[in-house]
Amino acid sequence: MIPSGAAPVHTERTFQRFTPGQRWEHGLLILTFVVLLLTGLPQKFRETSWSRFLLATPDRVELVRTIHRTAAVIFLLESAYHVGRGIYLLSRRRLSGEIFPTGQDLRDAGQMLRYLFFLSPRRPRYGRYSFEQKFTYWFLFFGFGILILSGLIVWFPTFFTRFLPGGIVPAAKLAHSSEALVSAIFVVLWHFFHVHLERLNLSIFSGRLNERDMRRHHALEFERLTGESADETTGDSG
Amino acid sequence: MRSSSRWLVPLTAAVLGLALVPAAALAGRDPSPPLGPSTQTEAYCMGCHAEPGLTMTLPSGEVLSLTISEDTLRGSVHSPLGIECRACHTSITTYPHPALDYATRRELSRGLYQACEKCHADNYSKTLDSMHAQAATAGNLEAPVCTDCHGSHDVHLPDRPRAHISEICGRCHTKIFSEYADSIHGSALLEEDNPDVPVCTDCHGVHNIQDPRTAQFRVESPEMCAGCHANPELMGRYGLSADVYSLYRLSWHGVDVSVYRAKWPTIWHESAVCTDCHGVHNIRSTEDPQSRVNPKNLLATCQQCHPDAGPNWTGAWTGHNRVSLERTPFVFYTESFYTQLVPVVLGLSAAYVLLQIVRALLDRIRRAWR
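Those sequence lines, one after another, are chains B and R. Okay, so the first sequence: first residue is 1 according to the working numbering, each after it adds one. Okay, so the second sequence: first residue is 239 according to the working numbering, each after it adds one.
A couple of the hints might just be wrong.
As the list claims (entries may be wrong) - Derived, one-sided and incomplete: chain R residues facing chain B with beta-carbon distance under 10 Å:
#, residue
1, Leu319
2, Ile403
3, Val444
4, Tyr483
5, Ala500
6, Leu584
7, Ala588
8, Ala598
Keep in mind the hints are simulated off the structure, nothing from the lab. Backbone N, C-alpha and C fix where the C-beta goes; we use that ideal spot for every residue, glycine too.
Using the sequences and the hints given, assemble the complete structure.
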C-alpha cells in the first residue's frame, strides 16, 4: 500500500502462478515431448527423404526407437506423478480445483467471441486460469493420455491382447501417430500463440506474473488476491 | 544428293523384294537345308545311329547308348528346321569319329551342351549367372545344363503344355514339386492347365535363376506376388481382391519391408513378407482348412514370429481389407475420430487464434490513429 501524499515509488509487484515443482514438471514435459517428436516423426514418415537421412542404417532405427522408448518412460512417469499428485492434493483440499472447466468458461468464451467480433468492447475477466489456458491443459491432458495408452499398446501388443481385443493394436498404432501430430500442431498453433505471440508469458518458467499482466489477464484472481480493483486506472497502464 | 536419294528408296525396296522371293519359296519347302554346311548330316549319321543296340562304354564303366530314334529327331524343334547332327556335334565331321575324351556320361553332357551357345548365346550366358551354374562351380556337376531341362535330341518348346515347365523342375526338386502340386497354383496348373497361375519360372526366373534364400529375394518377393495379385483384371477372374498388395504396403510389415527393399536390400530382415504367412510352394486358398492363413491356423502362423501372442492376437491383423465398421470397428472409430472430429477442433482453434490476431492488429491500428 502506498501511503497517500508520499512520493510515488514504483514498486513491481509479482504474483505466484506456479510452484517450483510445477515449473520443473513443465520443463521435463517440454524436453521429453520434443525428444519424442524428433524420434517419433521419422518413424511415422518412413518414406520421406529426411526420415531416410536420419534413419540411415538399421542400427540408427534401433537407436531412435531406444531413445523414443526411454523418453516415453520418463514422460509416462512424469504424467503419472502429475496426475497422482493432483488427485492426492485435491483429496486433501490442498489444491484448488480451478483448472477444471465450469459453465463460466463457456460464458467467457462467448464474451470473448463477442469481443473479437466487435460486438462488445470488453474482454472477459478471468480468474486464476482463463478458458484458453484450461483448453490448452485439457486438450493436451487427454492427448497425452491417448499417446501414453496407445504407445504402451504398440510397445507391448501381445501383452495387451491377452485381455483386450486384437483390433485395438492397429487402432492404437493409428491413434498414436495421429495424436502425436495433432498434439504437435496444437502446441504450435494454440499454445505458442497464447504464450509467445499474444503476449510473452514466461510465468511457467519464472513462476511469477507481473501486476500488469495479472490485472489484464487474470482480473478476478488479482482482485481476489489483493482486494483492489483490477481496472487499470493508475498511471502505469500505458 | 537429292535426286539420288529419290531413287534410292524404290531401288532398295525392289532389291529387298527380289531377295525375299526365294527366301519365301525356301521356307515353303520341307525339310529344307537353309543353314549351310552343318546341315544334311542327319541322313548320313542315321545310316549307323538308327541301328538298335548301338552302345559304347565310357572309362567310368557307364554304358552310353548311341542309338537315336528317327521319330525323336523328327519330333524335336531342331531337325524339322534343318538344324541337324553336326550343328551340335561340332567335333564329329567324318567317320571314323575322333575319340571321345569324356570319362563319364555327366562329363560328356557338360561338354556337349556348350554347343547350345552357338545359336542361343543370350540364354546361354544367362545360365552362367544362375544359381545352377554357381552350384556347378562349387563342385556339384549334377547341377543342370541346357540339355537337362530342354532335352538333347528331343528338344521341344518347354511350355507345351505349361505344366511341363514345372514338371521339368520337379525332376530334381521333387519335394518342392509335390508341395507345389498340392497348392492352389500347382493344382490349377496340373489339373486344369490354367494359363494364369505361375509355373516355377514365373517366380524364379528362367535361365538366370537366382538363389531364393537371399535377403534381396525376400524383400523383393512381395512385389513379385503383386505382379499378378495387384492386377484387377486377373484377380477379378477368380473373385480375388487386387488391393492386397497396396494394403499390405500400408501395414506395419509392409512399410518395414519396403524400407528395407529401398535402402538395405541385402540386410536380412524378419518383417513378414507374403510367403511367411501364406506359405511358399504350398500356398492354398484362404478357405482351404489346410491353408496357413485359414482362420483356424492363423494364430499358429502369427506365433512363428510372435510366440507369446494369445488368441485375441489375430484380431490385430486388419487383413488385406480396407477399414470398415464390420471388420475393424476399433480402427474405424479411431480413423473417424482423427479424420472428422479432430480436424474440426483444430480448425476452430486456428480460426479462434486468427480472430485474436485480427482483433489485436485492428486495435493496434486504431491506437496508432488516435
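Quick check: which numbered hints come out false for this structure? 1, 2, 3, 4
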